Structures are given as structure tokens and as C-alpha cells.
Amino acid sequence: MTNTTDRTPLLRAEGLEVGYAGEPVCAPVDLVVEPGRALGVVGANGAGKSTLLQTLVGLLEPLGGTVEFDGREVDERQADFRRDVACVLDDEAFFPSLTGREHLLLTARGHGVTDPESVVAAEVAEFGLAERADALPSQLSSGQRRRLALAAVFVRPARLVVLDEPERRLDAGMRARLAQRLARHRDDGVAIVFACHDADFLRAVADDVLLVDEEETRRLAPEVAADVLPTL
Amino acid sequence: MLEAELSGAQVRRFTRRATAARADTTLAERLGDLWANLVTIAIGVGVLAGALSSVRESMALAGAPATVPVLPAGVTVAIAAVLAIAGLVVCLDRLGPVSSTPAAAAWWLPLPAGRGGLLRGELARITSAVVGTAVVLSLPLALALTDAPSVLGVAVVLAGTAGSAAALVGAAAVNQTRGRSGRLAPLAGAVAVGVAVVAVAACTALAVTGGADVPALPSVPAGWALAALGAAVPLVVVAVAGLDRLGAAQLRAAGATAQYAAASAVSLDTRELGRALTARRPRAPRRARRFGRVSGAWQAVVAGDRAALSRSPWHVGQALVAVAVPVLVARTDGLGALPLAVWGACLVGWSLAAVAAGHPARQAQALPALDRLLPLSTPGVTVARAVVPLVLVTTVTALTGLLVGLAGDTPLLWTGLCAATAPAWAAASLRGAFRPEMDWAGPVVSTPMGVLPVGAGAGFVQGVDVGVLGSLPVAAALVTGGPTPVLLAVQLLWSVLLGAGALALVVRRRGGRS
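Sequence order for the protein chains is A and B.
The first sequence begins at 80 in the working numbering and counts up by one.
The second sequence begins at 27 in the working numbering and counts up by one.
Please note that a few of the clues may not be correct.
Ranges of calculated distance between the beta carbons of each label pair, as one might list FRET restraints [said to hold, decoys possible]: (1) ARG535(B) <-> PRO175(A): 34 to 40 Å; (2) THR52(B) <-> SER220(A): 30 to 36 Å; (3) PRO103(A) <-> VAL263(B): 37 to 43 Å; (4) ILE67(B) <-> ALA106(A): 55 to 61 Å.
Hint data in this document are derived by calculation from the structure and do not stem from the laboratory.
Quantities reported herein were computed from a predicted structural model and do not represent experimental measurements.
Glycine included, every Cβ here is placed at the ideal spot set by N, Cα and C.
Pulled out of the complex, with its shape left as it was, chain A reads as follows:
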């Protein structure tokens, strides 16, 4: 499924405890994600998937253990880290007076992308936003705003993509296209970590799955995890 040649771990967590105010929300996590690999994170609502993802990208302090990106402790205040890591978590918000296209151009230009207009135009088309790209966020539907947030991941370079339930609020067609897109991204050597509740999406994207739970965290094969999902 993957074609990467670089097997040096990009993201590594050891004994990672995540939670709030000193209280862990799930069992300690050990994980390794290499370039060109996709790790799905599954678990019941409240199991700690979002908290884990936020800790992996440095938005929350770990309660214990370590998390490293490219051999260094994760610190999102470092420009190099932000240059390499793209994420869409549950913090969807938009400038009310910037259009969808302007949001994407800001991201592309902010990352120094060559010919940002063309890159943005291509992603706008890919995400089915061509007709609505010049509308303000308040004029977009909830699903279109979700597409816009996800498109921002692809208008910039990244070595690691972290997504929290990317399939949420997308129609079936868009889910399938996004899964294919992420799979291509992975095959191009990008590492992907994503939380997910959709069995088909999980099968299409993940090489490996981490089941997060209060009692223990387990590694599962994507097929097994997809079967487990309805029982969570």
C-alpha cells in the first residue's frame, strides 16, 4: 500500500499520557508513524481520541511520557514544526470577512507555495467548492465549511497530516474522494494520523489502527478495526 523508502519514524510517542488538569482520559499510548504510513485512531465517544491528537501536535501538554516529531520533542511554537505539520482538529473557525478562496490563499502564501493561485484553484475544484469559493464563510453550508477547512491541508506542503474525524459532515461522495486523496498523499510519502468513526474511510486510508480506551490502547489491523467500529 505504501511506496516510501524512508523508514525513520516521523512521529513517536512513548508512554504518552493525555488528559486535563492532571487526570488522564485514556490509557498510556505508544505509537510510531513513519513517512508514507497512515495511522487511524478509533475509540468510543469520550475515549480520548481528540485529546490524544491535540497532544501529538503540541496543543496540549502531555501528562506523562514523551512525544517526538522528527527526533525532537514536539513544540508547536517552532516554525519548523508548523512548516511540517498540517492539522484540522475540532477548532473550525473562519475570518468572517474573508472568502473561502482568501482563506486558502492565506495558507498557501503563508507557507511560501509557488503559484498559490493555481494551487488553490485546483484544491477548490477538488473539494467541490468552485461555485462557492468566493462566498463568505457565513454564506456556506456546514459541510462546505468543513470542505474548506480540509482543503487547507492540501494547499500547503506537509510531512505529517493530523485530522480529527475528517469524514464528519461530509456527504458520501466527498468522503470517498477525501479518502482517495489522503491515500494518494500517504503514498506520496506523507505521514497521516486521523481519528475516525467510519469503517470504509478507515479501510481506505489506514495502514494501522490504534484503539484508544480508558483501560488499554491496542494496535489493530484496519480490517479488524473496521469490524470493531460498530460495537464501540
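Following the hints, position chain B against chain A.
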């Protein structure tokens, strides 16, 4: 292949230009708005300066005071300045002071651009807002402090105020960039309470023992302005240099708090504003309560309220400051001889006490399920929730009366008269805590702060209104030279009737029969 990334300043410029490109106001309209705001501020400053001058003249002409004043006005102004600075520090510490809106957190902070460049504008904005507000508020004081204010004197006060305000913002921002956010607020609160308590104790002791008066503070030296400006510059520079150290999560959390607080402030919703400024994870209590003496639902409500209040040091401190405010005004030379000034200070202090006492009720208002946990009717649970406020405001008002009346002829009558206002203030605290949410679905009116629901102003004073009405006999006592047994009886009867009526209204509004 990549081009040069945008710097923080370029990112801000990109966003500003895109926003400006579709602004639906013309330059003339914006200048018109600016002019209207400047005129409104000038009128406000003029009115306030006139009122302060009038107070100063009244102080000079005042007759024999009903209390024993020992503090020079300059000392009281200095204590008020300490309290105001502490309040500002608490707000700055709670709000960041540097923060990001949710949109900036989502679209700016993930960019590789340096945080310093991205956030410099935010720091400049908050510094300008604090400095501007401080200057506008100090201008009437500067104009009214002397008979013939000179341009130089006013300029010194304004420059000193501006420098001090900028230095405070700079210090709070430096503190934030060093990862110590949230630690200044408790310190500032403790300093404010400490200064208030020591000042009250000292002036009461002086009044009782008839000791030497406190010497007046020397006038404000011109060097103060230079020192303040001199301190502000390096602090702001160090803060700007440290902006790169701010984490996205911290900025996003501070931004959410700032938005919550701003929305509450422009909606005149003080209850929500208080929640916004105290919205931090509470520390786990050191000792778990077992409520061993609780043997019924009614007692459980009272015990729960008592625990909630005792675990909130902010509200305990607020109650101490509530005692200090009227006592300090009553003991201030000149000001203490003005019945309206002393009465006004009593209203301010007791309002603070009522707000502190309403803390458990506000928690219950935010979580209605709490009141449904116990087998009590709505009237029963509401009356039970009045017990702790009644005890607290009785303590505060009685202590106020005692400290104001000491060294006079009738300290016990003062104590009784002030304590007799407690039923009204206890009902006021519940009326404020359970006042209805603003009805944004109904008719709205346009105001300088934006669109507000009809009746927003009335909602703003709900609670305090009952306390003010219930304290009218205290005003009568101050005007007529002191309390009498008849006034005490009138005060008690009036306060109990008003309190009972207000409580019945609260019960009816909450859906229970009174």
C-alpha cells in the same frame, strides 16, 4: 519549489486588506463615527469633571459630619488607585492579555510566520485600549483635583496615567510570555484586600483613640510621569520580544475568554461577565466535606451554598473590600461630611457584598438540575438559597455600621441600622443571580455598543435596585445627623417587606408559587 513564506506582518496585512476590500462603510462614515465618539467622550469627561468639582466644593462647605473623619482625601485617592490597579491587573491576567480570536488561532497560528509578527498588532491594540481608557478616566480627575488646573499639571497626570497603564500591560504580557499566566490575579487580589483591610483598621484605630491624623500625601511629582513612561517602554519591548514563546493553545483559550467577556460587557450582562473573568478550572478542595450535620433537603442547600462560598477566596475577599469602601469614605476628611457620598459608598460596598453572596445562587442558575436534585419545591429551595446571602450581607452591613459608628455617640444604633438593610440586600443578591437571560428574540434597540434587546438596561440593575431602595432609611440617617431608634425600626420593617416582595418575585419567575 517554494517561494518566500509570508512574515507575520505580511499575514496581518493580507487579512486586513482582504477585510477592507469588502468593508461596507465609506471613509466619510468612519470619520463621522470617530467624530461622534470623540464628542461623546468629551461630554462625558466634562460632566464627570463638573460633578467631581462640585463634590470638592461641597466638601469644603460641608457642616459637621455624622462620622469621625481622619483620612486626608489624598490618602483615600491613593487607596482607590491601588484597588483600581489591582482590578486592572486581574482583568489583564485573566484575559491574556495577548490572545487570538478563534479565526486567527485556526488560520494564522499554524503558519510558519513568527508569532511575534502575528501578535504584535494584538499587543498594540490591547495596550492602546487600556491606555486610552485610563487616560479618559483620569482626565476628569486631573481637571477637578485643583481649583485652577494648569495645562502642565493635567499633562503630567495624563502622561503618568498613560505610562502606568502601558507598564501594567507590558508587565502582564511579560508574565504571560514566561508561562506564568494566571498567577498575577491572585497576587493582585490579595494586595487589594490587604491594603483595604489595613487602611480600615488604621483609620478606625485613629478615630477611636483620637490619635494624630494621617499626614496628607505630597502632591503627585512630575517625575512620576517620566518614571512610568520609562518603565513602560522596556516592559513593552521585552513583551514583544517574548511573543514567539506563546503557545497556540494558550492564545486560543485566552481568545475565547476575551470574546466571552467582551460579548458580556457590550450586552451589559454582568453575570456572564463575571463568569467569563472567573472561567478557570477550579482547584480541587484540600479537604472533602462530609456534611455530617445535614439531615434534610433544606439544610443540604444551605450547607452546599456555604461550601461553595467558602471555597471561593475571591468572593471572601470581595466581602472584605465591601466593608472597606463605605468605612474609608466615611472616614475621609471632607467626604465623610457629605451624606450622599457616604450613602453612595455604602451602596457600592453592599452591592459588592450582595454579588459575592450570590455566588452559590449563580452557580445554581447556571445548572438548574442542581435545584431539582433535592425534594424541595421551588419556593422552598429559593428561600433556602437566601440563607447564606442573608448571613454574609448581615455580617458585612453590621461590620460597616460598627466601624462607621465607632468613635461617635451611637455605634450600636449605626450597627443595627446598617444590619437592618440585610434582608433587602440578601434578596437583591438572589434577584441578581436569578435574573432572566436577555431575550434576543424580542424587539431590539440600537445603542452606541451595538444592538441590544429592549430592557437590557433594566436587566443590568436587577438586584441592585432592591438594595438601593432598601437602604433609603440609611440615607435619611446620614442627612439628619445620625440614626435613631425610630429610623432603625423603619429600616428593619422596610427592608424585610422589600426583601420578601423581591424574593416572591424571584420564586414566581422561577416557576414556583410564592
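A quick look at each hint next to the structure:
ARG535(B) and PRO175(A) have their C-beta atoms about 36 Å apart, which keeps the hinted 34 to 40 Å range intact. Against the hinted window of 30 to 36 Å, the Cβ-Cβ separation of THR52(B) and SER220(A) comes to about 32 Å, which satisfies the hint. At roughly 41 Å, the beta carbons of PRO103(A) and VAL263(B) sit within the given window of 37 to 43 Å. At about 59 Å, the CB distance of ILE67(B) to ALA106(A) agrees with the hint of 55 to 61 Å.
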